[in-house]
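With the first letter of the sequence shown counted as 1, position 151 gets the number 151 in our numbering; the numbers rise by one all the way through.
Any given hint could be a false lead.
Computed beta-carbon distance windows for the label pairs [claimed, not checked]:
#	residue 1	residue 2	range
1	Glu105	Gly9	35 to 43 Å
2	Ser12	Glu105	19 to 27 Å
3	Ser12	Gly94	32 to 40 Å
4	Asp115	Leu83	16 to 24 Å
5	Ala162	Asp128	18 to 26 Å
Keep in mind that the hints were calculated from the coordinates and are not lab data.
This one's a predicted model, so the numbers in the text were calculated from it and none came from an experiment.
Each residue gets a CB set at the ideal place from its N, CA and C atoms; glycine is no exception.
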Amino acid sequence: MNAPSSTYGLSSEARNLHWLLANLVEEVPGVRSVAVVSSDGLLLLSSDTRHIAAAGSVDPTTQDGPKGSSADLATIVSGLGSLTLGAAKLMDGGGVKQTMVAMDEGSLFVMTISDGSLLGVHATPDCDMTVVAYHMALFVGRAGHVLTPELRSELRRSLESAQ
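The whole structure should be built from the sequences, with the hints applied where relevant.
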């Protein structure tokens, strides 16, 4: 995939994360939308076509995440992550690795990336949950070691300038 000129100013790590996110959306059946959220609840990456166009082409007609925008998914992911972390502390359950919510009209997956950052995926109700979870784990494994404070700042600035 060729990156449009809007990403040429980004570091190779940021371009790689954009590519990984675009790949997750394009290659995993049933994925509707994806958001990467920092530990303080700020959106870092999104499958919103305005943001992943940096990594490749995504058909905007296939992007039908939560009502509203990628910011809505980020809010949901951050809130669910916070809720499950609190529950784990109350139950002496240790760290939260993954949360899954099955709904009549879809599924929501939240997985810890690193130092509080989260990957959230909104999927169709008929998705293969094990396939979605597997590909999320691949993303986390590839993204976790590069998601430094400097890269998070760069991704936030990139989102702000794209809006």
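Hint-by-hint comparison with the structure:
no. : hint                          : result
1   : Glu105 <-> Gly9: 35 to 43 Å   : holds, 39 Å
2   : Ser12 <-> Glu105: 19 to 27 Å  : violated, 38 Å
3   : Ser12 <-> Gly94: 32 to 40 Å   : holds, 34 Å
4   : Asp115 <-> Leu83: 16 to 24 Å  : holds, 19 Å
5   : Ala162 <-> Asp128: 18 to 26 Å : violated, 32 Å
Violated hints for the displayed structure, listed by number in ascending order: 2, 5.
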